[in-house]
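Based on the sequences and whatever the hints tell you, model everything.
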Amino acid sequence: MNQHKDPLPERLRPIESLIREWLWIDRGRTIMLDVKRENLVEVARGLYKEIGAFFKTCAGVDERPLWGGYAVHHIFGIDEEGLDVVVYVRIPEKDYPWVPSIVREVPAADWCELEFRDLLGIDPRGRLTQRLVLPDDWPEEVKPLRKDVPYGYRPPRAEETKPAEVGMYPSGVPVGPYHPALHEPEYFELYVEGEEVVDVRYRGFHVHRGIEKLAESPRFDYNKVTFLAERICGICGFVHSCAYVMAVERAGKVEVPERAEYIRALLLEVERLHSHLLWLGVAAHLLGYDAGFMHAWRVREKTMILAEYLTGSRKTYGMNLVGGVRKDITPEKVPKILKVLEEVAKGTKKVADMIVSVPQVRKRLEGTGVLRKSDAAALSVVGPVARASGLNRDVRKDYPYLAYKDVSFKVPVYSEGDNLSRTLVRVEEIFESIEIIKQLLDRMPPGEVLNEEWDIEPGRYAVTSVEAPRGEDTHLLITGVGRPYRWRVRAPTYANIPALRPMLRGQELADAPITIASIDPCFSCTDRMLVIDVRTGKRSVLVTRPQVKVVSLG
Amino acid sequence: MVKPILKLITVAKEAGVVTRKYPYDSPLLTEEFRGKIEIDASICWGCGACVKACPSNALTIRESMDVRELVYFAGRCIFCGRCADVCPTGAIKVTKEFELATEELEDLEQVVIHRKVKCPICGKHFVPQPLGRYVCEKCAKGGVPTYMMVCPECRRKVGVKKMIRCKGG
Numbered sequence: 011m012n013q014h015k016d017p018l019p020e021r022l023r024p025i026e027s028l029i030r031e032w033l034w035i036d037r038g039r040t041i042m043l044d045v046k047r048e049n050l051v052e053v054a055r056g057l058y059k060e061i062g063a064f065f066k067t068c069a070g071v072d073e074r075p076l077w078g079g080y081a082v083h084h085i086f087g088i089d090e091e092g093l094d095v096v097v098y099v100r101i102p103e104k105d106y107p108w109v110p111s112i113v114r115e116v117p118a119a120d121w122c123e124l125e126f127r128d129l130l131g132i133d134p135r136g137r138l139t140q141r142l143v144l145p146d147d148w149p150e151e152v153k154p155l156r157k158d159v160p161y162g163y164r165p166p167r168a169e170e171t172k173p174a175e176v177g178m179y180p181s182g183v184p185v186g187p188y189h190p191a192l193h194e195p196e197y198f199e200l201y202v203e204g205e206e207v208v209d210v211r212y213r214g215f216h217v218h219r220g221i222e223k224l225a226e227s228p229r230f231d232y233n234k235v236t237f238l239a240e241r242i243c244g245i246c247g248f249v250h251s252c253a254y255v256m257a258v259e260r261a262g263k264v265e266v267p268e269r270a271e272y273i274r275a276l277l278l279e280v281e282r283l284h285s286h287l288l289w290l291g292v293a294a295h296l297l298g299y300d301a302g303f304m305h306a307w308r309v310r311e312k313t314m315i316l317a318e319y320l321t322g323s324r325k326t327y328g329m330n331l332v333g334g335v336r337k338d339i340t341p342e343k344v345p346k347i348l349k350v351l352e353e354v355a356k357g358t359k360k361v362a363d364m365i366v367s368v369p370q371v372r373k374r375l376e377g378t379g380v381l382r383k384s385d386a387a388a389l390s391v392v393g394p395v396a397r398a399s400g401l402n403r404d405v406r407k408d409y410p411y412l413a414y415k416d417v418s419f420k421v422p423v424y425s426e427g428d429n430l431s432r433t434l435v436r437v438e439e440i441f442e443s444i445e446i447i448k449q450l451l452d453r454m455p456p457g458e459v460l461n462e463e464w465d466i467e468p469g470r471y472a473v474t475s476v477e478a479p480r481g482e483d484t485h486l487l488i489t490g491v492g493r494p495y496r497w498r499v500r501a502p503t504y505a506n507i508p509a510l511r512p513m514l515r516g517q518e519l520a521d522a523p524i525t526i527a528s529i530d531p532c533f534s535c536t537d538r539m540l541v542i543d544v545r546t547g548k549r550s551v552l553v554t555r556p557q558v559k560v561v562s563l564g
Numbered sequence: 002m003v004k005p006i007l008k009l010i011t012v013a014k015e016a017g018v019v020t021r022k023y024p025y026d027s028p029l030l031t032e033e034f035r036g037k038i039e040i041d042a043s044i045c046w047g048c049g050a051c052v053k054a055c056p057s058n059a060l061t062i063r064e065s066m067d068v069r070e071l072v073y074f075a076g077r078c079i080f081c082g083r084c085a086d087v088c089p090t091g092a093i094k095v096t097k098e099f100e101l102a103t104e105e106l107e108d109l110e111q112v113v114i115h116r117k118v119k120c121p122i123c124g125k126h127f128v129p130q131p132l133g134r135y136v137c138e139k140c141a142k143g144g145v146p147t148y149m150m151v152c153p154e155c156r157r158k159v160g161v162k163k164m165i166r167c168k169g170g
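From first to last, the protein sequence lines stand for chains Y and X.
The opening position of the first sequence corresponds to residue 11 in my numbering, with each subsequent residue numbered one higher.
The opening position of the second sequence corresponds to residue 2 in my numbering, with each subsequent residue numbered one higher.
Think of the hints as simulated: they come from the structure by calculation, not from any bench.
Each hint should be verified, as a subset may be incorrect.
What the hints assert, rightly or not - Simulated pairs of lysine-lysine, DSS-like, Cα-Cα distance not exceeding 27 Å:
#1 X:Lys37 with Y:Lys373
#2 Y:Lys337 with X:Lys37
#3 Y:Lys360 with X:Lys8
Put into structure tokens, the structure is as follows:
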């Protein structure tokens with residue numbers, strides 16, 4: 011397996027004896043460690059605890075058509091070296107595949123282990139398991155990401171539905187599950203004792219759309235998947251399409267014109283501008299300061315129009331193709347971009363200053379939803395959430411990609427870990443983004459923007475990370491014939507939602523909405539009160555005012 | 002408490018009224034906006050390049066005995082404009098139209114109908130007529146070759162027969 015005779019990096023020496031073989035997938039950037047199944051837990055412990063790597067995600071792959079078994083890829087990142095470490099474990103069993111669970115060593119691996127259990131039937135041994143991604147009525151024997159399940163498979167209609175599980179606490183406040191205007195229905199159940207939140211249960215994946223499976227289907231090819239990747243997210247769609255095309259380009263060794271890399275970086279920053287301004291508005295709205303919401307969105311509208319001017323779509327959609335971008339930023343457009351940036355900088359400064367100076371808003375942000383640095387590191391949180399808790403993590407700095415190596419910018423880091431620091435991180439990032447765009451425009455090299463002469467061999471591998479407004483977005487890609495063989499997407503909110511538990515515990519119930527929103531997910535504000543009878547497990551939802559009154563007096 | 006309100010008043014005063022009275026006023030569109038597409042039936046060949054490039058299946062081909070229909074359904078369109086990029090004749094134009102709400106589903110559909118060339122030997126219909134004509138023009142320098150308008154199957158049969166005859170068999 012070790013095709014490149016390059017030595018193991020110094021940082022990985024402590025676990026050298028546990029590695030069977032290593033392979034540099036992308037020299038200096040991605041290394042794959044082939045590890046025996048019985049050594050996996052030791053390797054994970056070494057990487058996470060001793061070497062100080064962060065956990066990115068894991069992916070199960072059905073490799074039966076390739077060599078006859080399954081495999082699990084655990085992706086770690088060593089931020090200081092800018093190195094992605096893929097721990098590759100082969101699973102020879104065809105019928106009941108299993109791997110040892112690493113969740114005790116690496117708490118951040120909790121969800122993705124459950125995900126490959128659901129989608130591929132690979133059992134993570136030595137941990138509690140429950141369904142995460144698949145709906146409750148999905149047939150047990152169908153593992154959708156296995157290659158022998160057709161992509162158009164639809165399960166039969168469920169005849170019986172299971173009653174919902176009952177939590178351990180007497181009263182819970184459900185938050186969710188649907189919000190008609192936002193793209194990510196989530197369901198939180200906050201267990202309360204009086205006003206204090208004592209525990210949180212989360213149920214998500216209501217809108218799992220099977221995009222990874224769809225990308226493997228015959229009706230897609232490398233270029234079409236780009237448009238599918240954009241539709242993963244309604245806010246950071248360009249991030250996903252960028253991460254995907256970069257993965258294809260790295261795997262297939264496709265040359266990308268430098269100008270295209272600059273344009274991509276520029277649009278990523280435009281996206282960050284509009285996303286952070288959107289969040290600022292939503293945060294103000296949740297705190298009851300609607301004037302701040304209106305004004306933040308007024309400023310944001312300018313960035314949306316700028317995005318349309320540069321890409322043809324308000325949502326920066328339809329720009330990327332494998333090998334470059336479809337639209338050039340011509341010199342005539344530059345003065346208008348600079349003018350908009352000037353207006354946005356001025357507007358944001360005033361609006362942000364106005365929002366955080368309102369004493370009621372400030373009081374509710376300060377000291378609420380605290381995420382300690384140790385918790386943040388254990389859960390490998392990403393983006394503004396990590397930076398507000400004192401972790402200096404930014405993919406743009408740590409794993410430079412596109413044109414980010416050529417620009418200078420600051421990464422704002424706060425140590426308090428409360429809602430106010432997460433707000434301030436985002437506000438500062440808006441100004442940094444504006445500076446980055448100016449530098450990119452200044453240094454943009456001339457030339458072509460799209461290379462259409464490429465041919466991609468099957469069986470190549472790539473891992474890419476892109477800093478989305480919400481944090482690090484990681485894509486893993488194995489190339490196939492004409493389309494991806496396996497494509498795994500880990501969006502930033504996936505890494506950040508587990509951090510809500512330590513954030514919310516011990517909080518006042520009234521601060522829960524802003525704390526949930528502070529990781530910048532999209533969440534529902536349909537909250538009603540739920541009563542659970544502990545003895546019978548019977549639940550009822552209170553909808554009328556008199557009912558609520560009786561309980562609150564009672 | 003007074004200070005933030007004063008700040009708000011200054012910010013609001015500077016911004017003025019920004020809401021437009023859309024739809025009575027024009028929408029906020031830039032010159033780069035991509036909306037639905039329009040297919041010029043007189044230039045289209047019915048080659049299907051756009052169908053192959055369309056990521057969302059908004060463009061499909063319906064084949065019947067003697068007709069090939071290129072169907073554009075705006076309800077599935079994601080306004081990416083890839084079809085216009087790959088169209089060899091430039092028949093597809095991206096317009097700025099986006100106000101597509103309608104009560105009739107058919108309003109969202111545009112169908113380009115191409116009659117197919119009829120094979121003079123077996124009577125089967127094969128390629129769309131404009132595509133056939135284009136191939137004829139491209140290949141024939143001094144007039145249309147004899148078997149140009151014959152379907153591929155008959156052409157193969159005739160070719161084999163001709164070869165046997167040449168060999169004197």
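For each hint, the structure was consulted:
1. X:Lys37 with Y:Lys373: violated (48 Å)
2. Y:Lys337 with X:Lys37: Cα-Cα ~18 Å, so holds.
3. Y:Lys360 with X:Lys8: holds (8 Å)
Violated hint for the displayed structure: number 1, the only one.
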